[in-house]
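When you get a sec, could you build the whole thing from the sequences and use the hints?
Protein chains: 2
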Amino acid sequence: MLFTGTHIHKLDRKGRVSVPKRFRAALDQEEFAGIYLYQSHKESALEGCSHSHMERIAASLDELDMFSDEADDLADTILGSSHMLPYDGEGRIILPAELIEFARIEDQVAFVGRGRTFRLWNPDIFKPLQEASRTRTLNRGATLKLKPMSELPKGARPGTADEEDAS
Amino acid sequence: MLFTGTHIHKLDRKGRVSVPKRFRAALDQEEFAGIYLYQSHKESALEGCSHSHMERIAASLDELDMFSDEADDLADTILGSSHMLPYDGEGRIILPAELIEFARIEDQVAFVGRGRTFRLWNPDIFKPLQEASRTRTLNRGATLKLKPMSELPKGARPGTADEEDAS
DNA sequence: TCAAATCCCATTGACCCCCATCATTTCCCA
DNA sequence: TGGGAAATGATGGGGGTCAATGGGATTTGA
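Residue numbers (the numbering used here), protein chains in the order written: chain Y, 890 to 1056; chain A, 890 to 1056.
These are computed hints drawn from the structure, not numbers from a lab.
For clarity, every value in this text was computed on a predicted model and none was experimentally measured.
Among these hints, one or two may not hold up.
Note: identical chains are not told apart, hence a pair may lie in one copy or across any two.
To be verified - Taking lysine-lysine and the DSSO-like style, the derived pairs with C-alpha atoms no more than 30 Å apart in a straight line are:
{"no.": "1", "residue 1": "K903", "residue 2": "K931"}
{"no.": "2", "residue 1": "K1016", "residue 2": "K910"}
{"no.": "3", "residue 1": "K899", "residue 2": "K1036"}
As structure tokens, this is what we get:
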């Protein structure tokens, strides 16, 4: 359950696009056969995630004070603007016109893995941004502090695939 | 069981409106075939929820001091003004005139998902408010701290669909 | 008895199922 | 190791189905 890599697919005349096989494989345990998309806050892109990730967002919002302004805003922005998109028989989704317009997508869609989530871009917009972000990372000499293997959920570690996650 | 997305439907001359298929699907386990609506105390909107969620609200009110002003007010506001609205054969409800007037609804109704609950709006009123929400969220740099997967109800996690929820 | 609610059926257009084709990759074996 | 066959994923498109809608007919209840 990990989204990796960049996959460019075609948007057809009916507004359909194939979800990359690798991404569908990452989701094959989900009860809902499809993906969720919503408009990114910061980028001209679409945020993508699984049903269970969306459940997690809803559960987290539930915990904020029911009447807090911040929870309200997040609910409107994420839950209210999200689209639940089931696959067709061939593993495609229909990209709603609203989202195509927001992300300025034309005839191609880039699926970009971000671990637990992913993003959809117009490839022509994403490419220069990716270059820029690579350059910044190199200049900064950024390093990532890895979590110890023992803190990962079982099933994410080799040789633990069939065990129950007791965490 | 998750309400997501914004669905705009027509209010017909008989005061009927179709409940979005996705919302009905989220409720198909409920004993009561319909929805509950009550006036929002913050917004010019209607709060919507399932029968079991209404039970949950009633149970929460029970826990407040029975004679406190707050419990009184909440009971009047929510339980006193709530409407139990059954579907007709086509999955529509009749919007009571009182609620139409309160939410200043005209010929269209926006069903806006908020996770465990949803809201009904006049789309012309909701749209600019949602834009404002998005802007505030961006400015605030708001990030949502996600609950750990292990604290979610079973059934909301992949691979647990058939298990009993022991929580 | 009248008004409102419910039932029933018709229409329509978007979506989904199905199949056919094409492009890659994988596999197998010489 | 190269070539060819088979499997699989991506793409294109036709047509049937169903959700959303509109309105008439029947029932209910005050």
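(request) State the violated hints by number, sorted upward, taking the hints as numbered earlier in the document. (result) Of the numbered hints, just 3 does not hold.
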